[in-house]
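These protein sequences, in sequence, are chains A and B. Going by the numbering used here, the first residue of the first sequence is number 1, and it counts up by one from there. Going by the numbering used here, the first residue of the second sequence is number 1, and it counts up by one from there.
Since the hints were made in silico from the structure, they are not lab data. Some hints could be false.
[Stated by the list, open to error] So the derived label-pair ranges between C-beta atoms look like this:
#, chain 1, residue 1, chain 2, residue 2, range
1, B, N161, A, R4, 15 to 25 Å
2, A, Y49, B, A78, 31 to 41 Å
3, A, D163, B, D135, 12 to 22 Å
4, B, N96, A, D55, 24 to 34 Å
5, B, E129, A, V158, 13 to 23 Å
6, A, A98, B, A52, 36 to 46 Å
7, A, V158, B, R83, 30 to 40 Å
[Unchecked claim] Which stretches of chain B does chain A cover? Using the computed rule of at least three CB atoms under 8 Å from a CB of chain A, they are:
#, segment
8, 97-111
9, 115-121
10, 139-146
Beta carbons are placed, not taken as given, at the ideal position from N, Cα and C, and that holds for glycine.
There are 2 protein chains.
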Amino acid sequence: MDGRKARGEKKRRAIVEATLRVIERDGVSGVTHRSVAREAGVPTTAPTYYFASLDDLLIATLLWVAEELCDDMLDIIARGSSREIASSLARAVNENRARTLAEYELYLLAGRRPELKAAARRWLDLAVEVVRPADPVAFRVFLAAIDGLLIQGLIADVAPNEDELEPIVSFLICGRDDFTPPAREQ
Amino acid sequence: MDGRKARGEKKRRAIVEATLRVIERDGVSGVTHRSVAREAGVPTTAPTYYFASLDDLLIATLLWVAEELCDDMLDIIARGSSREIASSLARAVNENRARTLAEYELYLLAGRRPELKAAARRWLDLAVEVVRPADPVAFRVFLAAIDGLLIQGLIADVAPNEDELEPIVSFLICGRDDFTPPAREQ
DNA sequence: AAACTTGTGGAACACTTGTTCAAGTAGTTC
DNA sequence: GAACTACTTGAACAAGTGTTCCACAAGTTT
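Build out the structure end to end from the sequences listed, making use of the hints.
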């Protein structure tokens with residue numbers, strides 16, 4: 001075991017995390033070698049050492065965020081109750097607003113890089129796989145509506161809260177609970 | 001009538017249109033005074049003359065796009081048939097893919113500029129106003145789903161076509177045509 | 001035609017950018 | 001301890017950035 005590589009890997013991860021913080025604060029356009037290095041507390045050249053280019057750094061960040069997003073989204077979907085789902089959505093556009101905004105900026109980045117599409121879309125594929133919906137069309141609508149509600153929540157004058165979202169989520173799943181998850185083992 | 005102002009206004013508009021083309025091609029991050037000037041065929045200093053800053057130029061572009069988006073979206077919604085709606089959506093993520101991508105990038109820009117939120121959100125407000133839905137919750141779901149379908153269509157490996165979207169749209173509006181527009185006069 | 005307003009556009013400024021380079025340190029292997 | 005590898009980091013470079021400045025042309029008004 002090489003202790004140097006271990007520390008290197010840790011630093012690499014720290015740089016990616018710093019990049020995400022920069023995106024949360026200033027958007028994708030705020031990401032430069034220098035801003036990331038400053039945020040991570042490393043010298044300017046560190047990001048270039050670990051990532052071939054700025055683009056590679058953004059890609060690495062998207063891939064990492066996509067994993068986390070996957071977990072979060074599946075958590076949201078897995079909750080049976082519309083109130084819990086509404087609560088998760090409300091948190092995404094309020095307390096976690098910056099994070100959600102960053103995620104969608106990276107999301108759109110995938111629209112311009114074909115090689116990133118798979119990663120950005122992964123939570124959708126995984127959701128279908130995990131839930132195994134009886135009615136695929138209804139489920140597809142449900143997933144689209146989540147994205148729409150989040151993105152519209154981000155540009156609302158005042159972001160919607162749990163109580164406002166609950167009836168909407170309820171409408172989405174109630175009556176048609178043909179895609180509630182099949183007792184997801186944990 | 002001042003002929004100079006008229007030509008100036010025309011040039012101003014040309015610069016905004018060039019900006020949109022640059023965003024379609026290279027994204028918001030590709031927008032610089034020089035790239036826009038080159039695209040518009042004007043000297044480098046022209047954008048600065050007409051817009052106080054690069055930011056102002058982006059804002060003007062968003063405001064202009066928002067108007068067009070408004071028309072497009074209302075057109076989509078106003079069509080009664082699910083096939084026609086599906087067809088419009090399919091066009092947005094295929095032939096007009098670049099344009100749609102640009103619109104969503106500007107959309108997210110509004111997430112970071114409170115003063116732009118109203119413009120970005122305008123088509124939503126207008127839709128509610130025009131359609132006057134009997135069931136506001138169902139309509140809200142419909143609008144969210146449109147955004148979700150479009151954005152997910154942008155990061156799909158191959159963008160969905162009319163035939164794939166039709167059943168989804170149909171599910172969204174059929175059975176619940178309580179928000180079909182009240183004979184929109186034309 | 002004189003005074004004005006409005007638009008034009010090249011030169012230049014200070015600054016930030018991504019990236020390279022080379023000299024150095026520290027950990028690992030033999 | 002010598003050879004090797006992995007990481008560190010400040011200095012530097014060329015390229016591109018937003019923006020300012022200013023002399024000037026072209027319309028409009030009086």
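Structure-based check of all given hints:
1. N161(B) with R4(A): 15 to 25 Å: violated, 52 Å
2. Y49(A) with A78(B): 31 to 41 Å: violated, 56 Å
3. D163(A) with D135(B): 12 to 22 Å: 18 Å Cβ-Cβ, so the 12 to 22 Å window holds.
4. N96(B) with D55(A): 24 to 34 Å: holds, 26 Å
5. E129(B) with V158(A): 13 to 23 Å: holds, 19 Å
6. A98(A) with A52(B): 36 to 46 Å: At roughly 27 Å between Cβ atoms, A52(B) and A98(A) fall outside 36 to 46 Å, so the hint is violated.
7. V158(A) with R83(B): 30 to 40 Å: holds, 37 Å
8. 97-111: holds (count 7)
9. 115-121: Held - the segment 115-121 of chain B has 4 residues with a Cβ nearer than 8 Å to chain A, which meets the minimum of three.
10. 139-146: holds (count 6)
Violated hints for the displayed structure, listed by number in ascending order: 1, 2 and 6.
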